[in-house]
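Residue-level listing of the chains:
Number of protein chains: 2
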Amino acid sequence: MDRFHAVIPAGGVGTRLWPLSRAGAPKFLHDLTGSGTTLIRSTYERLAPLSGTDVMVVTGEAHREAVVGQIPELGAEDLVLEPSPKDSAAAIGLAAAILHRRDPEIIMGSFAADHVIAPVDDFREAVSEAVAAAAGGKIVTIGITPTHPSTGFGYIRQGEKYHVPGAPNAHEVIEFVEKPDEDMAEKYVASGNYVWNAGMFVAPVALMLKHLAEAEPELHAGLTEIAAAWGTEVQEETLQRVWPQLPKTAIDYAVAEPAAAAGDVAVIPGNFTWDDVGDFAAIARLNPAAQQESMTVLGPEPRVYSEDASGVVVSETKRVVALIGVENIVVVDTEDALLVTTTDHAQSVKKAVEALKEKGDSDVL
Amino acid sequence: MDRFHAVIPAGGVGTRLWPLSRAGAPKFLHDLTGSGTTLIRSTYERLAPLSGTDVMVVTGEAHREAVVGQIPELGAEDLVLEPSPKDSAAAIGLAAAILHRRDPEIIMGSFAADHVIAPVDDFREAVSEAVAAAAGGKIVTIGITPTHPSTGFGYIRQGEKYHVPGAPNAHEVIEFVEKPDEDMAEKYVASGNYVWNAGMFVAPVALMLKHLAEAEPELHAGLTEIAAAWGTEVQEETLQRVWPQLPKTAIDYAVAEPAAAAGDVAVIPGNFTWDDVGDFAAIARLNPAAQQESMTVLGPEPRVYSEDASGVVVSETKRVVALIGVENIVVVDTEDALLVTTTDHAQSVKKAVEALKEKGDSDVL
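One line per chain: the protein sequences are A and B, in this order.
Numbers 1 to 365, taken from the UniProt record's numbering, label the letters of the first sequence in order.
Numbers 1 to 365, taken from the UniProt record's numbering, label the letters of the second sequence in order.
To be clear, the hints were calculated from the coordinates, so they are not data collected in a lab.
Be aware that one or more of the hints could be misleading.
Any copy, or any two copies together, can satisfy a pair, since identical chains are not distinguished.
Below are the PhoX-like pairs computed for lysine-lysine, each with C-alpha atoms no more than 20 Å apart in a straight line [claimed, not checked]: (1) K318 / K161; (2) K351 / K179; (3) K350 / K179; (4) K210 / K351; (5) K248 / K210; (6) K359 / K318; (7) K187 / K248; (8) K357 / K318; (9) K318 / K248; (10) K351 / K161; (11) K357 / K179; (12) K359 / K187; (13) K187 / K350; (14) K359 / K161; (15) K357 / K187; (16) K350 / K161.
Every value quoted in this text rests on a predicted model; they were computed, and no experiment measured them.
Excised from the complex, chain A in its bound form (with noise of 0.2 Å):
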């Protein structure tokens, strides 16, 4: 675990949790599980005890005084800030590359800002493995153990065992697969050999480089120019030229599918509970204990009345809000946006804000 250093990319909006989340205050900034904690401080809480301050963060840099508001922990040298949104390949890639140049034994481990996960011990266990898997020489992700056949995520197929020291549930991964449809889901969860993909990784950073070298050299070359300037004179002159340059890719394309192909990825099944918060009806799932009656209730200081009604509010001004004979009903009420929607329709609201933006609506986007 020495060689341990965890990164948290903290990018995405969030569009599903549209009005609460927007560009301005992403989901991670936000307190989706009534804890009382961002999820990025919890992310960082969750990791801390494994890490040490060895913990850097990948985000935009609209959210440097937010981020560090959140982990008054993190160094100013495991702070990296993009200066504009490049998808996982480049914010993952970058991490790697400055972590590299530190000391190039490191064994990152990236996990998103923005999940849910319990219990944490059970996590943690898993992360353990992860890393000893990875000591093995490898690119091992967390995967999780189905409990149900969710054609909301990717999956990951498992071949044989792979026999590490201190890894007793890894395996060797066969493929990622994309997200499946029911009749293909039911298949995966029946067969016993597919675990939900977390986006979780953890690698040598050497290792992730030589993938990311091979599918992606263009950013690959650019990553490198900027890990080698990073701490220097040239450090900002050079991430303002070369950024915007790089190609916009996710770290599963970029890296984790063609490492699958070429034997390089394992996987450890995570039997705690995770969540990505992808929309409202996860809101309601994860908030057990502000239910009021068949509602569950969020916001700092609800003024809520409801009547033959159930569903979520999330209520972020200080209005009454009534609600009378809806059924499985969302309520976000802001300063400047309402959505109305229902627990079934939760993931139509990223079309919702496309629209939006389209109509010219940006101001509360």
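Following the hints, put chain B in place on chain A, whose structure we already have.
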């Protein structure tokens, strides 16, 4: 028609239209039909061609400024301000008593400030008939020919034809009956002998006061005392002293029902459409022009986005309102309160307002 003096009792908050209607901004001060004029202004304009300047408004002291703003034509002697709400018998009775002192031959016609009627010509014709019938010595109500077996209105049972010059459609009234259940409503409508009670009364003021004196002697005595002081130096003193002691009852119980039992009531069936805008389902019905695809959208500057949604949105704020996958929804968005319900539950809003009052949320009522 020379004897005719219109009276507009403008009381009642319209609780079922909360949070649009509320104590400070009751229903009659809103434009609920997209006509560009408030309900009370429309009521005035409907009556003025019949009565000329002979229009009296009875309303709460708090609404003086708003009412004068809406009806600048109103003479000072025709604006009657109630120190507190005392229900319809006191309001209409005071108008009758004041008018009786002005001229005992006056035929008053009382029409609520917050109803919607079309076409106006048919209404005016019915009022003319009612005035003729009233001149024959009756309290005359204008009933509405039912279009469906509503359980939301009281009914009037008609008897024999009432033969009087100028009122060919007048019938005797056998009785007023309360809001029926569904079975009963269907029987009423099928019989052809029942019309809806729209609360419109046209009557010689002397006859109104005679029945009021018989059924509610205390109320009659108080109103007579106030009317005697009206326009004199002791008007305010008398009003403030006597009014709070007056019994609180509806004109239906105090006058209409006992007068019907005495054979003193006639009815003119009105073939115009009439709506008391009782709830937000009515708002949807009454605003065909505000349809945006399947939504009815009202408000000064609505910014509404809807997808797979139907129903009504009233947007009093500048917020973006996004509706996704909600059918027959009612969303009323005001600065300090938000209502989310369905057109089917529109009648339950009153109950919610009562519950909010009990909870201590009166600041938004």
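Checked hints:
1. For the homomeric pair K318 and K161, neither the shortest alpha-carbon distance inside one copy (55 Å) nor that between copies (59 Å) is at most 20 Å.
2. Taking the closest pair of Cα atoms, K351 and K179 come within 20 Å of each other only inside a single copy of the chain (18 Å); across copies the shortest separation is 46 Å, beyond that limit.
3. Proximity of K350 to K179 under the C-alpha cut-off of 20 Å is restricted to the intra-copy arrangement: shortest distance 17 Å within a copy versus 47 Å between copies.
4. Proximity of K210 to K351 under the C-alpha cut-off of 20 Å is found in neither arrangement, the shortest distances being 37 Å within a copy and 67 Å between copies.
5. Proximity of K248 to K210 under the C-alpha cut-off of 20 Å is restricted to the intra-copy arrangement: shortest distance 18 Å within a copy versus 87 Å between copies.
6. Proximity of K359 to K318 under the C-alpha cut-off of 20 Å is restricted to the inter-copy arrangement: shortest distance 15 Å between copies versus 28 Å within a copy.
7. Proximity of K187 and K248 under a CA criterion of 20 Å is satisfied in neither setting, with 33 Å inside one chain copy and 72 Å between copies.
8. Taking the shortest alpha-carbon separations for K357 and K318, only the inter-copy value of 17 Å comes in at or below 20 Å, while the best intra-copy value is 27 Å.
9. For the homomeric pair K318 and K248, neither the shortest alpha-carbon distance inside one copy (41 Å) nor that between copies (36 Å) is at most 20 Å.
10. Neither within a single protomer nor between protomers do K351 and K161 lie at most 20 Å apart by alpha-carbon distance, with minima of 41 Å and 63 Å respectively.
11. Taking the shortest alpha-carbon separations for K357 and K179, neither the intra-copy value of 26 Å nor the inter-copy value of 49 Å comes in at or below 20 Å.
12. Taking the closest pair of Cα atoms, K359 and K187 never come within 20 Å of each other, the shortest separation being 41 Å inside a single copy and 52 Å across copies.
13. Taking the shortest alpha-carbon separations for K187 and K350, neither the intra-copy value of 28 Å nor the inter-copy value of 51 Å comes in at or below 20 Å.
14. In this assembly of identical chains, the alpha carbons of K359 and K161 never lie at most 20 Å apart, being 52 Å within a copy and 61 Å across copies at closest.
15. Taking CA atoms no more than 20 Å apart as the test, K357 paired with K187 passes in neither setting, with 38 Å inside one copy and 55 Å between copies.
16. With identical chains, the CA atoms of K350 and K161 are never at most 20 Å apart, being 39 Å at best within one copy and 65 Å at best between copies.
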